[in-house]
Structure formats: C-alpha cells, structure tokens
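J.: Residue numbers (my numbering), protein chains in the order written: chain F, 1 to 123; chain G, 1 to 319.
Among the hints, erroneous ones may be present.
[Claimed, not checked] Straight-line Cα separation of at most 27 Å, DSS-like style, residue types lysine-lysine; simulated pairs:
id: 1; chain 1: G; residue 1: Lys-264; chain 2: G; residue 2: Lys-73
id: 2; chain 1: F; residue 1: Lys-93; chain 2: F; residue 2: Lys-26
id: 3; chain 1: G; residue 1: Lys-37; chain 2: F; residue 2: Lys-93
id: 4; chain 1: F; residue 1: Lys-98; chain 2: G; residue 2: Lys-91
id: 5; chain 1: F; residue 1: Lys-4; chain 2: G; residue 2: Lys-91
id: 6; chain 1: F; residue 1: Lys-37; chain 2: G; residue 2: Lys-264
Quick caveat, the hints were computed from the structure, so don't treat them as lab data. Quantities reported herein were computed from a predicted structural model and do not represent experimental measurements.
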Amino acid sequence: MAKKETQNKDLQIENEIIRGAAGDAKLSFIQIPCDNKTNKLLRVLNEINQPFFNKSSRAGNLVVTDNGYRTDVTGFEKEISGKRYEVVEVSNKEVVLKGKILAKAAAAENVVNINTDKKVGNL
Amino acid sequence: MDGIVGLQQIVACDAGTLLTTPTGAVAMGFGKGRELKVTDFRTDKAWPNIPTRNMKNLAVQGESFQPTMFMLKKTFDFLNGGCDLQVMSPKQSASSGSEDVAQFVGNYLMGLGFEFTIAHDKRTMKWMFERALEYTAYQTFIDLWDSAAAVSLTGVTDTDVEGKNYDYRRWPKLLAIEAPSGASIALADYQRLERKVVIKSKGFKNEQNQDVVNYYTVTIEIVGTGKQVADLVTLAGKAETPSVLIKEGNAGAYFDQFIIPAFKLGITDEFTIGDDKRESRIKLEGDLSIYQHAFTYGTGNGGAADDTTGITGGTMTIS
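This is chain G alone, in the form it adopts within the complex:
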C-alpha cells in the first residue's frame, strides 16, 4: 500500500523527557511548510563517476503561526541538543496508531536553528532541525519509524495531534518600534512601506551537521516613503547604538515586548530620491549571546496575571 503524504505533527520537548514525562513541550501547530527530508551527506565519487555512500542527512523544518513568547523561550532552551523531537505522519492505514513516528531522542538528537519573525505580513517561528547519521545508524533509525508508538503530550491530543491552538496564534499588530527607547522610528502609518523584526540563530555546523549556536542576530528594518529633510536630520542625530524597544500586540491588551539596551544594536540607514520614489531604509542589527536575556511574564510584562509561561504575552529583556 502506498504511503500517505503529509506531516501532522512536529513537537519538541526538553531533551530526555519525551519517552518518560515530557516537559516543556511545544508543537508547531497552526503553520505551513512542514517537511522531513532525507538526503545523502558528505559523499564522494569514485572513478569513473560512481557516487559512493557516506552519511544520511535528516532535516525537519516548518513554519509555525503560533510564535508565542513561550515558544521563543523554549526555542532558546532547545538549542545545542537541548530537545527531543517527535515527528508524525498522518495515519498510514485505517488502523489506529498506524502513523509513522520518528522520535529524535538519545543517539538521534537533532541540532536546531530558528528564525523568529515579526513583520507587516506575518508573525512566525521557523524551526530548522538537522542531523547527519552514519549509514548504519540511519538504517537502524528508519527501521523504528513504523513500529514506534507516538507519545501523547499535554495540549497535543488525539483530536488535535498537530497542536493547533488559536489562543497561541499571532498576527501583525504594531504597537511600537523605538530607538532610542521612547523615540519612535516606526514612521507614521501612511509613510511606512514595510517593517520587519527578525531574531535568527547564528552558528556553525559540527561533523554530524548539527547546529552549534552561540549567538543570535537581531535585525530590525523599516522601509518608508515621504521622509522630509527634518526627519533625516533627526535620524542623523541618533546615537550610533541606541537602546531599542519593540512592542507587538496580541489578543486584547496583551503584547510581546523586546527591550534591548544601548550598545547592542547598531543603526544604519539609506535614503533615495529618484524619479518615482523618496524611500528611506532604517536598519538596526547586532549579534547577541544566546543566554544574554531574561523572559518575564504576567501583568506589566504583556501577559495575563496568571500566565507564567508567556502564552498570552511576555517581555524579553536583553542584558
């Protein structure tokens, strides 16, 4: 019988907990672009033009539309081998439990890279897991996929294996982009063409193609039109590395907030007057060490009073 297409679940939890008592579980849920891909890795060719085997690379990725502060916090925890991962296909037959289940645990832990985006057109978290296995280890690993029983996790039930939760859904809702904190650089609504805040892991790959992440890059870009000379003078007068505040609204009065002190991000800008445009681009950018921040939740930090994990909102303060 043919295999059935699709991935219905990508869920990560703290390393070493998936097959006992899963803790810190986060499902991609509502999203797109889910994929598990196996490719040959670090192969060579023997003469004449004969490809030879070496390792097999396994890559799992997807883009979640549920990028809560909890998901962002856990994503930092999951870096550098910090998570177990369960990837599940839809049922492969009418029988219950017939899903293919890939559990990346123990000897099969994946490396993780991520890209957290707040933009005028989307708010997402992209996860990119990757790991190359020696050929015999790969053979053993794939042999487990159709005999492994899926682990049920809190919030990822039989009726919603995907982990969709509309309370976790985020959509663009600009409240503030300030540099320095207190001085808006978001431009007037009518002037603003695009905006984007990206927090992206930055690292390198080890021998087994796992991400080794020590830094993340924060990039803020605002593209506008119709700026006047006075605006340019104001911009030119800003500090080279100003403090930054980003605030994006969630449901009701809740919000996600990012507080970045001075000397962390550098500001650059471009201004073009042409036949058909008068465009300005402001960019702030810098790399930050992966543990150089703290998350706070509850009243005053963007979330509900009883929210201790950041699912309604929260504040990430970089130090």
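So here's chain F without its partners, still in its complex pose:
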C-alpha cells in the first residue's frame, strides 16, 4: 500500500462546561480530524521527542466523532500546550497527522446540560 502523506494541522484545546444537578464541571478536550475507521494513536512529544502523553482508540480514550476523534485532556492543558503531537496509524506506524497543540483561545465555551444531554448555549 502506498504511503499516505502526513497532514499538518495544529490542534486547539477546547473547553466544555457540563452542567448537572450537582453543579458545573469544566472539561478540556481536543478534536482530531482524521479517518476513524482504523486504530489510531495520539502521542504528544516533549522537547526530546519522547511521547509523554498518549491516547489511543484501541484503549478507548480516543472517542469516535463525526469528523474523526475526540479526547479528554482535562488536567493536562499546561503540560501539552505548545507541544508537538503525532497521530499514528497503528497498523503500519505511519504518521497521518502532526502539528502543535494550541492552548485554548479566549473563545466561547460550550455548555452541555447532562440532564437533557444537549448543548444549551454559549457563555
């Protein structure tokens, strides 16, 4: 099979507020636009190329979405912001997507009411 070209794209950390009966919870996540039919692995690299933050579809922490995958990064925002990442096709080790993780911009946060499981608006 011919080698696929690696796509370059920076990924933005996004925030979401989950509104429940017990109060609000703020989650951070990344959306990864790529093919989601086969197993992928996200690795965020430190200054000496060591993968220090890993998420995997096989381990169930890359969640399939309409446009690829989404993964929770709550609590790790500082560590991964500004770092390089790679998304790897597990079956052949090809890097299909790479770029930088960008810190969350001062933009609107989604609010999700878990009682209705629907987005109810922007803050």
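Got chain F sorted already, so can you dock chain G onto it with the hints?
T.: Quick look at chain G alone, frame taken from chain F:
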C-alpha cells in the same frame, strides 16, 4: 495473526538521547538468553482467595558475548536511570517496520543491574533491566509498542539490527591474575581447574522495582589441584588485602586489564586433602563504590592507538 517469537535487539544509550541523537549506544549483539517478561507486581489477595491487581513489572535481560571495556564503561554510566533502552522483536509481518518496539524512555526508564564475567568458560556481560509501572501507565505503555518506529543507531543497522560485531566478541584468554601485583596466583596451567572474575552490581530496589546501585562487588576465584605445602606457605604469607592485577587477552596483542590497589579486596582460601582430591580455592572479594575507578585506552592500556573508547581493549583502574 500470531505474534512472532524472539527479541532481535536490546540496545541502550545515554538517557534522553534515543529519540533525538542517540549517544553512547551499546547493543547486546552476539549473545543469548534475551527476554522481555511482564509479571504482576506487589499484588495482594482479597478474601476468599481472589488475586487483585496492582503494578506490572517489566524485566528485560540478556547475556552478551561482546563484553568490551566500552560496554563495561557504558554499563556504569547506565546505572541508576542513566539510559534509554530500545527492545525490538523480529518483524511481525512481511511489511517493513512491523517489529514490536518497546522504547523505555522518559517516564518509563528502567533500572539496571549487571554481571560482568571473565571465566575459563566464557566472557560475558549480563544486563538485567527492571521496572514496575502502575497499572494504567502499563496499559498506556504497551499500547505504544506496535505503533512506535524503531530508532536506527550507529553500528546497529537494518542488516544487523541485533548489533552483532565479531570485533567486539571476547573469549577466555588468560594473561595474568596477580595478588599482589607482580606475584601470580593463577597457578600453573596444569594445576588450574577453574577461574572466574566477576564484577557485579550491588544495590537495592526502590518502590518501582528499579535497581538503586551504589556499589559493585568484585570477586576473583581460582580453584586448583596439586598444591604443595610450599605453595600453602607462600599463600599464607600474602597480605590480607593485596593489590590485584587481572589481564585477559583480546584479539592479537590487545587486552583488557584491571588494576586494583591494596586494601580493596580481601583474600581467603580453602585447602582440602581427601581420598580423591587435593584442592585449593583462593578467593578475593570486596565491594567498591560505583564511580571509584577510571578507564584508559590506547597503546599501553590494552587497545589500539586510535581506540578512544575501549572496543579493542582497555584498562580499568580502581582508586
């Protein structure tokens, strides 16, 4: 498809360099007994007799027949979290790059214990890497193995991933065992039954089962037969902690040499006359601090004039 057996590469380099510019890389190469083993660690049992999970222990070991002075020097450097480690299986399919690749770097650094042996039957370096990971860290780590690309290192090429190098191969070739330096205790060839020099790390394990090494033990044992009373008198007259010189030949006129001053190793001996034997055992032993030595190379120190790392030969001088 079934996984394919075997480990074709165990290679270590200076910590933090494997995934950038690897430095100080040493491959086990020609050897035996390579193994990567995962076991449960520090588990307990809930009542009634239900094993519970805790950590996972990862152990990598092997015995190299390429125990150059360079390998010995680097092994000291690699102690106490000083090395990155890459362990690679054979190809798992016909596709290129299909090897499983375990890279013990960053959060996954291994502890190292070692045993360097010069004996009448072998010259080897045994590496024993070990580390226990918390369960979720282990889950993440193993998930990387079949998507990681192997790093190619100098001297460990695609055609010899194992790192076999017959120039680094060592075999027994006794030149001298002296205590004190200048007085042989190696016995005459016809009298000598066995000989063994072992340099072995000595330490303890931390919470994550990594070796913490502060000392190494040097043990020299010579077993002989046919000793006469005069030999025993000579032996009894030796200093309690004599200086020691060990010299083992390499290719051509090159050699590995160990110079140990007095007061470092203590000498003990046993002598037995029985119905079918007249056997003597001489043993020298002592623990030494892991940085209490220096390596020198080149002409006069056992190696080639242009050898600056000890791959042809060298001298380890304990201070």
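J.: Does each hint hold? Answer for all of them.
T.: To see whether the hints hold, each was checked on the structure:
no.: 1; hint: G:Lys-264 / G:Lys-73; result: 20 Å, holds
no.: 2; hint: F:Lys-93 / F:Lys-26; result: 34 Å, violated
no.: 3; hint: G:Lys-37 / F:Lys-93; result: 24 Å, holds
no.: 4; hint: F:Lys-98 / G:Lys-91; result: 26 Å, holds
no.: 5; hint: F:Lys-4 / G:Lys-91; result: 21 Å, holds
no.: 6; hint: F:Lys-37 / G:Lys-264; result: 65 Å, violated
Against the hints set out earlier in the document, violations occur for numbers 2, 6.
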